[in-house]
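Participant: Going by the working numbering, the residue at position 14 of the sequence shown is 74; the numbering climbs one at a time, nothing skipped.
No wet-lab data here; the hints were simulated from the structure. Here the structure is a predicted model, which is why all the values come from computation and not from measurement. Be aware that one or more of the hints could be misleading.
Said to hold, decoys possible - BS3-like cross-link-like pairs, simulated, lysine-lysine; straight-line CA separation at most 25 Å:
(1) Lys67 x Lys86
(2) Lys233 x Lys127
(3) Lys233 x Lys129
(4) Lys94 x Lys67
(5) Lys74 x Lys86
(6) Lys129 x Lys94
(7) Lys231 x Lys129
(8) Lys94 x Lys74
(9) Lys86 x Lys75
(10) Lys94 x Lys75
(11) Lys74 x Lys91
(12) Lys91 x Lys75
(13) Lys231 x Lys91
(14) Lys67 x Lys91
What the hints assert, rightly or not - Label pairs and their calculated CB-CB ranges:
(15) Asp81 x Arg227: 18 to 28 Å
(16) Ala87 x Ile247: 12 to 22 Å
(17) Ala235 x Pro62: 41 to 51 Å
(18) Val63 x Ile181: 20 to 30 Å
(19) Gly243 x Asp81: 33 to 43 Å
(20) Gly246 x Gln160: 24 to 34 Å
(21) Val248 x Ala189: 37 to 47 Å
(22) Gly209 x Ala189: 34 to 44 Å
(23) Asp196 x Gly246: 20 to 30 Å
(24) Glu162 x Ala90: 53 to 63 Å
(25) Ala87 x Leu197: 25 to 35 Å
For glycine and all other residues, C-beta sits at the position ideal for the given N, C-alpha and C.
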Amino acid sequence: MPVFSYKGMDAAGKKTAGIIDAENVKAARAKLRKINVFPTEVVEGGRSGSGAIGSAGGFDLKKFFNKPKVNDVANMTRQLSTLINANIPLVDALSALVEQIEQPTLRSALSEIREKVREGIRLADAMRAYPHIFGDLYINMVHAGEVSGALDTVLVRLADFTEGQARLNSKVKGALTYPVVMGVVGIVLM
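Could you put together the complete structure from these sequences and hints?
Facilitator: Now the structure itself:
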């Protein structure tokens, strides 16, 4: 059974944190509510940097190797903007994306974001738990879109920006490939 670390408040309003076993995030939240703990954050895998499998000194190798590509985030953003522009409620739009996204880390993150949004947390605040997927600029733009009531427009611009980032990354990799190969060949031949 997976282990989840949590932060929350007890019935007296005192901050609390710990670890709980549950089938999934939703079940973990339900177990916590039964013991009068109101979770503000539930994350799979125990405490951050606790030496859990896949982490080395606080650096989580799972997150590093399973990180979604910039193109995955750009496509997800474009799809979300289209759904919201079609007046589909945010939770339903996120549910549709969870079913469509193939990249496992992004799908898992979107599933947890959907649950937080369902509980009344703003989209940008829910995304803050995934800095390895959504950068500060991305999250702050989503926040600005939510506050201004123009989330659909902001998401279109974010999709354009993220797609531009993906193109730039591709060009940089292409430009660096030849010099790296020549350097390796030069070292091998010496």
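Participant: State for each hint whether it applies.
Facilitator: Do the hints match the structure? See the list:
1. Lys67 x Lys86: Judged against 25 Å, a Cα distance of about 14 Å means the pair holds.
2. Lys233 x Lys127: The given pair, whose Cα atoms are some 18 Å apart, holds under the 25 Å limit.
3. Lys233 x Lys129: holds, 14 Å
4. Lys94 x Lys67: holds, 15 Å
5. Lys74 x Lys86: holds, 22 Å
6. Lys129 x Lys94: violated, 38 Å
7. Lys231 x Lys129: With a Cα-Cα distance of about 15 Å, the restraint between Lys231 and Lys129 holds, given a limit of 25 Å.
8. Lys94 x Lys74: holds, 17 Å
9. Lys86 x Lys75: Measuring from Cα to Cα gives roughly 20 Å; hence the hint holds.
10. Lys94 x Lys75: Distance ~17 Å between Lys94 and Lys75 Cα, so the pair holds.
11. Lys74 x Lys91: Holds, at roughly 18 Å.
12. Lys91 x Lys75: Within the cut-off at roughly 17 Å; holds.
13. Lys231 x Lys91: Violated - the C-alpha atoms of Lys91 and Lys231 are around 48 Å apart, more than 25 Å.
14. Lys67 x Lys91: holds, 13 Å
15. Asp81 x Arg227: 18 to 28 Å: violated, 44 Å
16. Ala87 x Ile247: 12 to 22 Å: violated, 53 Å
17. Ala235 x Pro62: 41 to 51 Å: For Ala235 and Pro62 the Cβ distance comes to about 42 Å; the hint holds.
18. Val63 x Ile181: 20 to 30 Å: At roughly 23 Å between Cβ atoms, Ile181 and Val63 fall inside 20 to 30 Å, so the hint holds.
19. Gly243 x Asp81: 33 to 43 Å: violated, 50 Å
20. Gly246 x Gln160: 24 to 34 Å: Between Gly246 and Gln160, where Cβ atoms are some 46 Å apart, the hint is violated.
21. Val248 x Ala189: 37 to 47 Å: holds, 45 Å
22. Gly209 x Ala189: 34 to 44 Å: violated, 24 Å
23. Asp196 x Gly246: 20 to 30 Å: Between Asp196 and Gly246, where Cβ atoms are some 39 Å apart, the hint is violated.
24. Glu162 x Ala90: 53 to 63 Å: violated, 28 Å
25. Ala87 x Leu197: 25 to 35 Å: Taking Cβ atoms as reference, Ala87 and Leu197 lie about 34 Å apart, which means the hint holds.
Hint compliance for this structure: hints 6, 13, 15, 16, 19, 20, 22, 23 and 24 are not met, and every other hint is.
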